[in-house]
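Protein chains: 2
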Amino acid sequence: MKRIADSTVRRLSLYLRFLEAFEREGRATISSGELATSGGTTSAQVRKDLSSFGSFGKRGMGYSIRELTVAIREILGLAHDWRVVIVGAGKIGAALAQYAGFRDRGFHVVGVFDSDPRRIGLALDGLTVADAATLEADVRQLQAEMAVIAVPADAAQSVVDRVVMAGIHAILDFSTASIAVPPTVTLRTMNVAVELEILSFALTNR
Amino acid sequence: MKRIADSTVRRLSLYLRFLEAFEREGRATISSGELATSGGTTSAQVRKDLSSFGSFGKRGMGYSIRELTVAIREILGLAHDWRVVIVGAGKIGAALAQYAGFRDRGFHVVGVFDSDPRRIGLALDGLTVADAATLEADVRQLQAEMAVIAVPADAAQSVVDRVVMAGIHAILDFSTASIAVPPTVTLRTMNVAVELEILSFALTNR
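Residue numbers (our numbering), protein chains in the order written: chain F, 155 to 360; chain X, 155 to 360.
For reference, chain F alone in the conformation it holds in the complex (with noise of 0.2 Å):
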């Protein structure tokens, strides 16, 4: 399959929480206009997005919402479940391994993990957080292929450096540290301080 850019996986993602809705209200099939319109985006975007994977919809019919649903949640590896681990278990890490909207879409919290001697024992939402002692060993046992992270800035590399030791190759990371993986890992990172400065520089410089 030819590389396709991280944009274009965003905007399928998008589409496909569109479909769900449209499908929860009982449509059958939509055009590439209004698939447009819910992703701020133009038709011939969304026909060049979805003709990367296919030929889907018939002119002037649009496309059927049950099939491209099924056919995007195919392309996005969303047919089947994913083992996730959540190191960190501070308020973000907490909140996020409670957060029902992983299980809903496939995502589910195999295993939660701290160092913090007072968070290790906690129950979250049927997990109980382990020591981060045997990280390691336990991604393994657990078979988590995907990690986030939400630790301490100075804690994150070394963190990250575990979970790929243990066979992780998708991670999130929460962290404010600027982190380095191997080419066969994919990092994606959410920092929220980073977001709020580039709102700050918008404010100062409109």
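Keep in mind that the hints were calculated from the coordinates and are not lab data. Quick reminder that beta carbons are idealized off the backbone N, C-alpha and C, glycines included. Be aware that a few hints might be false.
Said to hold, decoys possible - DEER-style ranges, computed between Cβ atoms:
#: 1; chain 1: F; residue 1: Asp-258; chain 2: X; residue 2: Arg-220; range: 47 to 55 Å
#: 2; chain 1: F; residue 1: Gly-214; chain 2: X; residue 2: Ala-254; range: 50 to 58 Å
#: 3; chain 1: X; residue 1: Val-224; chain 2: F; residue 2: Gln-297; range: 48 to 56 Å
#: 4; chain 1: F; residue 1: Asp-270; chain 2: X; residue 2: Glu-177; range: 23 to 31 Å
#: 5; chain 1: F; residue 1: Gly-187; chain 2: X; residue 2: Glu-177; range: 48 to 56 Å
#: 6; chain 1: F; residue 1: Ser-206; chain 2: X; residue 2: Ser-206; range: 31 to 39 Å
#: 7; chain 1: X; residue 1: Glu-174; chain 2: F; residue 2: Asp-279; range: 34 to 42 Å
#: 8; chain 1: X; residue 1: Thr-288; chain 2: F; residue 2: Asp-258; range: 25 to 33 Å
Add chain X to chain F, keeping to what the hints say.
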């Protein structure tokens, strides 16, 4: 000032983090190469990013960490504090309201709102969750400049419309909705579900 790309602003925000860490270690100067390594980029990119804003550093001498820190904080609009409201006091909103990292970076959470009677009145780190019914008036009275939206997807657009009506021009949205704002408003989105789906795609197609 000419239009600066988001990616440049994002890197400035990262450089600032490393400069602050170096300053804490007692360093006085830094080369563009060191800054590039920390930021996962090249010396040429660092020089280009900084040259958009003025003349920093001397050839062969590196940058003065103190001077560059002050300059970047100024560029990003961090020389003064910002007043932030959080709308939605569920797990994510509550975690954000109590996140010390906000205050440390000059983002003061001055109000937290929710429409759920079970949440209104809850104490969150010195703030009390207020009734979102009077959001517009309260946002004005609090002189808030930024809003963080952490409400369910189906409520997000209406909440965004209300804070915009109340004079907010900078919004960080954690909902999974696709939000429209007027061109005078800067909207940044942090969507955990989309990031996880990008990881799912990467694992599926590697």
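- Query: So which of the earlier hints does this model not fit?
  - Reply: none
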